[in-house]
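J.: One-letter residues, chain by chain:
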Amino acid sequence: MINYSLTKEYTDMVDAYQKSGGNRDALVSPEAARLVIHENRVLGQNNIDGVKIETVETTRGVNVHLMTEEGIKIARPVHLCFGMLPEQGLQEIIMKVDARDNSEISVIAHCIFPNAVKVIHKMDANIRVGRYAKFEYHETHYHGDYGGVEVVPKAKIYIDQGGVYQSSMVISQGTVGKLDYDFEVFCGPDAVAELVVKAYGKKNDDIKIKEIIHLDGAGSHGIAKSRIVLSDKAKAEVRGETYGNAPEARGHVDCIELVNGTEAMATAIPIVSVTNDKAKVTHEAAIGSIDKKQIETLMARGLNENESIDVIVKGILK
Amino acid sequence: MLEVKNLYLTLNNRTILNDVNLKVEPGEIHGVLGKNGTGKSTLAYLVMGVNNYRPTSGQLLFNGQDITDLPVYDRARMGISLAWQEPARFEGLSVREYLIISGRSRRIEDVEEFLDVVGLDPSEYIERNIDNTLSGGERKRIEMASILAMRPKLAILDEPDSGIDILALPSLLNAIVEMNKMGSSVLLITHNEKVVEIAHRVSVMCAGRILKTGAPDQMNLWFKLNCQPCIHVNEPDKESEKI
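Protein chains in written order, with my numbering: chain P, 1 to 318; chain B, 1001 to 1243.
These are computed hints drawn from the structure, not numbers from a lab. Be careful, since some hints might not be right.
Said to hold, decoys possible - Taking lysine to any residue and the SDA-like style, the derived pairs with C-alpha atoms no more than 25 Å apart in a straight line are: (1) P/Lys292 - B/Thr1133; (2) P/Lys225 - B/Asp1131; (3) P/Lys198 - B/Asp1131; (4) P/Lys156 - P/Asn276.
What the hints assert, rightly or not - Heads up, incomplete: computed chain B residues facing chain P, CB under 8 Å, no partners named: (5) Val1050; (6) Tyr1073; (7) Ala1076; (8) Arg1077; (9) Pro1087; (10) Ala1088; (11) Phe1090; (12) Glu1091; (13) Gly1092; (14) Leu1093; (15) Ile1100; (16) Ile1101; (17) Arg1104; (18) Ile1108; (19) Ile1198.
To be verified - Label pairs and their computed distance ranges (CB to CB): (20) B/Arg1077 - P/Lys314: 20 to 26 Å; (21) B/Ile1198 - P/Lys203: 49 to 55 Å; (22) P/Lys203 - B/Met1078: 34 to 40 Å.
Just so it is clear, CB atoms sit at the ideal spot from N, CA and C, and this is done for glycine as well.
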């Protein structure tokens, strides 16, 4: 059932979403589940069979409860659109997800803050992935160039036996502003967790990323991957932690931070820990400048240095 | 087309290139044959202007214009390009995007066929990323396809056969001949006598010098007689003068 009010705010949000590269059809198709939130108001919502989205508006934002039916496989991604069009304000999303046993669902979240001068966007999520269920959560941000956004996404994810959780967060358009990302995953037996964060820090952007994976179940697997590019005076600290606590648990931390220029600053703190002699966790962290040979290869095709760097950065953040 | 005049390069008090003189004529595949460490790749880098190498002295002329001090992309825009011995890998950059960049204004339909020319199935490779999931040989062939897409006036190919298995070598050599037929002159750098058989002329390089230039069969024979085994690997000037 389609249930949204065509207010000016809604059309403005959809317009902003489209301008930032989103597919407008995703927010109007009756076949796809979706939720459009502006500030603390739910402007549009569409539920489909097998997926239930409940919302409660609060003074600071919206509480969202997303549930899938047991065994349901949702073919089309669910689209969530969170945004604030004014220059100032707070949006706090309290999210609860229940991906029930044997269900499969993919969620694409678009966070749009095109005019932000002083906007705070917080998300506090509690995600449960049932037995042999699969839950994908991909979040893309569209910020303006001012850098006035503070993004604070925090999540606790619990994956039951054989469940799969995959998430990505990408902030490559506009300036990041301030990002404080903190995701912590607890894996049951044979569960799989994949966390990916990609960000392009510019100007005075301040990026903090914490990805923690607890491999508590036998045979569980996890990877925490980050790709950060920094220029101007941007700074980033990436902390990737993986704990192998069960037999045959396998984990990996993979962090690459590229610094373009002399004033940006990158830090990586990989932590790998094992409490079971049959577990294995590894890490690789590389911080440095953009590979000169990559730049020169593209320059030998006729691109100038800035164009070459742009191609390389876009690839890394893709 | 390309004229290298009295080119010297000294790095850390060591002479790498020692009075190199070389001409690549329009429409020519010009092989540079030499053992490892004789300065062949350095010559390629200097002609392209990469790797932070600048000649200690000497001159590089391209179609009569002095390019010695031009940046890489200006040389590329004039029609020079380089396929590296070990091509760079790019996370997140697809073969399609790379060919489009190389082909500049050409449409993908017009450049993806070059994957076929180098022995790769376009439908299998066009969406793959040019990253560590490709083998060294696959990456080399994609590099060659990108040069074909660019259609440079002068293609510098640095050891195009290295990392290529023996069965794939004919398609690679065919790609170089095809490139030449399409109008590119080629500076073909190799240590492999088989590879220079497709050249019109070959220069033998040793200890940073061009020792001799001539027809491929003559230069191959001379190379076999004088350089196999090499009596002065990586040793400089006076040893090479004995040859």
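J.: Are the hints correct? Go through all of them and say.
T.: Here is what the structure says about each hint:
1. P/Lys292 - B/Thr1133: Holds. P/Lys292 to B/Thr1133 sits at ~21 Å (cutoff 25 Å).
2. P/Lys225 - B/Asp1131: With Cα atoms ~16 Å apart, P/Lys225 and B/Asp1131 stay inside 25 Å; holds.
3. P/Lys198 - B/Asp1131: Holds, because 17 Å separates the two Cα atoms, which is no more than 25 Å.
4. P/Lys156 - P/Asn276: holds, 23 Å
5. Val1050: holds, 4 Å
6. Tyr1073: Result: holds, 5 Å to nearest chain P Cβ.
7. Ala1076: Result: holds, 4 Å to nearest chain P Cβ.
8. Arg1077: holds, 5 Å
9. Pro1087: It holds, given that the least Cβ distance between B/Pro1087 and chain P is near 7 Å, below 8 Å.
10. Ala1088: The hint holds - B/Ala1088 has a Cβ within 8 Å of chain P, the shortest such distance being about 4 Å.
11. Phe1090: Given a least distance of 5 Å, the restraint on B/Phe1090 holds.
12. Glu1091: B/Glu1091 check passes; min Cβ-Cβ to chain P is 5 Å, inside 8 Å.
13. Gly1092: holds, 3 Å
14. Leu1093: holds, 4 Å
15. Ile1100: violated, 10 Å
16. Ile1101: At 6 Å from the nearest chain P Cβ, B/Ile1101 passes the 8 Å test, so the hint holds.
17. Arg1104: OK, holds: B/Arg1104 within 8 Å of chain P, min 6 Å.
18. Ile1108: The hint is violated - B/Ile1108 has no Cβ within 8 Å of chain P, the shortest such distance being about 15 Å.
19. Ile1198: violated, 23 Å
20. B/Arg1077 - P/Lys314: 20 to 26 Å: Since the Cβ atoms of B/Arg1077 and P/Lys314 sit about 22 Å apart, the hinted range of 20 to 26 Å holds.
21. B/Ile1198 - P/Lys203: 49 to 55 Å: Holds: the Cβ-Cβ distance is about 53 Å, inside 49 to 55 Å.
22. P/Lys203 - B/Met1078: 34 to 40 Å: holds, 36 Å
Against the hints set out earlier in the document, violations occur for numbers 15, 18, 19.
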